[in-house]
Amino acid sequence: MTKSKKRLHWIGGTLIAFAGVAIARLLAPSLPPGIIPGATVAGHLLALGGLLFIAMGTRVRKM
Amino acid sequence: MHTQDILNLFQGVATLLDSPTHILIGRIGLMLLGLLLVYLGKKEILEPLLMIPMGLGMAAVNAGVLFLGKGQHGTLFVDPTLTDPAQLMNVLQINFLQPIYTFTFSNGLIACLVFMGIGVLLDVGYVLQRPFESMFLALCAELGTVATFPIAMAVGLNAGDAASIAMVGGADGPMVLYTSLMLSKNLFVPITIVAYLYLGLTYGGYPYLIKLLVPKRLRAIKPAPPKRVVTISSGEKLAFAVIACTVLCLLFPVAAPLFVSLFLGVAVREAGIQHFIDFIAGPVLYGSTLFLGLLLGVLCEANTILNPQILSLLILGIVALLLSGIGGIGGGYILYFIKKRRYNPVIGIAGVSCVPTTAKVAQKSVTEVAPEVLILPEALGANISGVITTAILTGIYVTLIPFFK
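For the protein sequence lines, the chains are A and B, in the order given. At position 20 of the first sequence (counting the first as 1) the number is 20 in the working numbering, and the numbers step up by one without a gap. So the number in the working numbering is just where the residue sits in the second sequence, counting from 1, plus 63.
A couple of the hints might just be wrong.
Pair ranges (Cβ atoms, derived) [as the list claims (entries may be wrong)]:
id	chain 1	residue 1	chain 2	residue 2	range
1	A	Thr2	B	Leu264	29 to 35 Å
2	A	Gly12	B	Asp147	50 to 56 Å
3	A	Ser30	B	Gly267	18 to 24 Å
4	A	Ser30	B	Leu264	45 to 51 Å
5	B	Lys133	A	Gly38	19 to 25 Å
6	B	Glu435	A	Pro29	33 to 39 Å
7	B	Phe342	A	Ile36	27 to 33 Å
8	B	Pro434	A	Ile36	24 to 30 Å
9	B	Thr294	A	Gly49	21 to 27 Å
10	A	Pro29	B	Gly298	33 to 39 Å
Please keep in mind that the hints were generated in silico from the structure rather than gathered at the bench. Everything numeric in this text was worked out from a predicted model, so none of it was measured. Each residue gets a CB set at the ideal place from its N, CA and C atoms; glycine is no exception.
Next comes chain B alone, as it looks inside the complex:
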């Protein structure tokens, strides 16, 4: 029996040896990266809910390449490049993840489902209690989302790609996915992967940024107590969600699916429809997160992801997140001076909309130096406002960028 025949029995290895050198190195590198992501997810250094399916998918898709006839390489996972309906109908019956990709990814449905789940977890009461502070911090924390756009254009990306990578500054995975699906069809896989990898790093990286920018003395500031506690009824929150959703959909119809998903979650929560709350916060949110992670991993096949622009995307992603963190803390400092030094500037970092990670990071950084100081309510207000401002910026980019083209 010839060596080639034996190798054909193990086509994963045969296609590896048959690949050009850069693909061979890419496949091995991505398999190792996949295993590393699973490890980091298990150790909870990165978000396990996403990293374990993503890492496993990444390792498996790069291992499971086979010959598909005429010497072509391919997998039985998913083909993201198909557009022809006839071909698509055939492939839907072959690739096991193709139905989920075709019916939930290319139209942004999976981002909306995750966003609906986030909506159910949000309490807009925190925003309504401190609207000025929360919105101000959230706007400051969009520095990366706004400033990275011209930087990315200067690096040579087109407007759609630049806007998509700039959205990493919003630190909101579904939003990056939605924007890149709408504006950057060719680069949406690497951009979303970069986004989710970096979002995992906010938990580990932002505490160092806080320590670098805010001295211990300021981190221990106790916020001024409220004169009286205002309780906001669920009816008020529901009314706000309905009005805000309608107004934002009227302003940015292109991003209406995102707005309606977020505010539907909020509305269901405030209306107290327990069956819907349980369904959305459980099967919908966790089911979509599982398939989002798995599909993102599977889309990291060496032939798809090895793009010369990946390095610039990696750098721009970290620049966006860093600028947003700096912007948020800068906003915290502005409030610190406006409020006559009775405001903890660390709260500013929570304006970055990675719910609830950045609010938890802010509280954790404060607790380290002053365990009795509680900033979580203020931080959650900024955090939830961050989700809303990031959704608005998504709407602005998705609406305006087509005019640039």
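Chain A on its own, in the form it takes in the complex:
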């Protein structure tokens, strides 16, 4: 994996993770009650997905 691609994973993953946190902890509580659970779950998944995206930038490729 090239250095620039790796950097993309680090920056992109961090941004995705923090965006997830913002959705779950900041945005979701201010939404209409019906949407809150969905937005919270989506935010949590996005945050964890961001961490996974960072990890993807360092993984070993198999034959």
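With chain A fixed as given, assemble chain B onto it according to the hints.
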């Protein structure tokens, strides 16, 4: 001299004879169980680091009961039921283990210290090398942690107790202790004891589960070699630990002490601060393990532990661990089919987060049938991911359960 006077000289015996029948049987049974734990610890059938102090504490506390005035029975070890600050201040000066219990147990500090020690021993590089496989297996191996919760609710436990006993499926002692301290103040002693007893059994029991679920031919599969070996720098690991810790603390502030303890250990290791590494991996980890074992044993006083729910806790604990093991191996099978039969399904059991026991169990089971096959790096990746997913599930339970109440 009357018999009663002579017995008062030996109050351990006098209180035994003065106890109701069920407490008498309970105390004798727990003394014998304590001695058995010490024996099993010495023989290394169960984890000696925990079982020897726990067994000795259990035997001693049930032997050392005395009259505390007004015919009441008690010990000079610890009183876990105290909440009134004035009473607590008095007892802190009497019970010799009360200071450690009050200042490290009731706030979860001891679980965090053990977790910090675990963090220093973890190499997150194994996870970063195989993030998908590791996280997938770890999630599958949380089957027991998730599925035992509704089962426990159906058995009649409340949400907090059900979540705490379900955490046994994560096979991570500090996590069970933390969850039960937060959610199940009344049952945290029996739940944690059940957890630690069963965690000792993973080393002995899981190999049989592997043999039952994975045929010899599949156990001997050699994982496909990597195209090129990627070395992950300590800087990358440190950055990952910092970002993961911050994100998880933002998501689950209630479990932030656990996350910060784990990732502090990882950060110290990756930053290469040798004095801290030596301190955390030595005195902190072993000191807290010693007192954790001793206090858990001492908390097993018959009056405290004899609870009608103990039998259901024993059954639910084993169900949780069994389901997690099955879930992990199931995940291994899914990867085996996805990777066109070039993946060893035994690796799945390492998703159960008992670090590094389940990874060692996986490698040992494979070595028995194919000594040349090495699955330890893959297994450690799943194992370390298991710690992280169990911490996340702890965060989810500790955050969500109060809404159930």
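Going down the list of hints, with the structure as the test:
Separated by about 48 Å at the C-beta atoms, A/Thr2 and B/Leu264 break the suggested range of 29 to 35 Å. Restraint check, A/Gly12 to B/Asp147: a C-beta distance of roughly 54 Å satisfies the suggested window 50 to 56 Å. Between A/Ser30 and B/Gly267 the C-beta distance comes to about 52 Å, which lies outside the given range of 18 to 24 Å. Taking the beta carbon of each, A/Ser30 and B/Leu264 are about 48 Å apart, inside 45 to 51 Å as hinted.
In this structure, B/Lys133 and A/Gly38 break the distance hint of 19 to 25 Å, their C-beta atoms being roughly 59 Å apart. Distance hint check: the CB atoms of B/Glu435 and A/Pro29 are about 56 Å apart, inconsistent with the given range 33 to 39 Å. For B/Phe342 paired with A/Ile36, a C-beta distance near 44 Å fails the hint of 27 to 33 Å. One distance hint, 24 to 30 Å for the beta-carbon pair B/Pro434 and A/Ile36, is violated here, with the actual separation near 55 Å.
Roughly 25 Å separates the CB atoms of B/Thr294 and A/Gly49, a value that falls within the hinted 21 to 27 Å. Between A/Pro29 and B/Gly298 the beta carbon distance is about 36 Å. The supplied range of 33 to 39 Å therefore holds.
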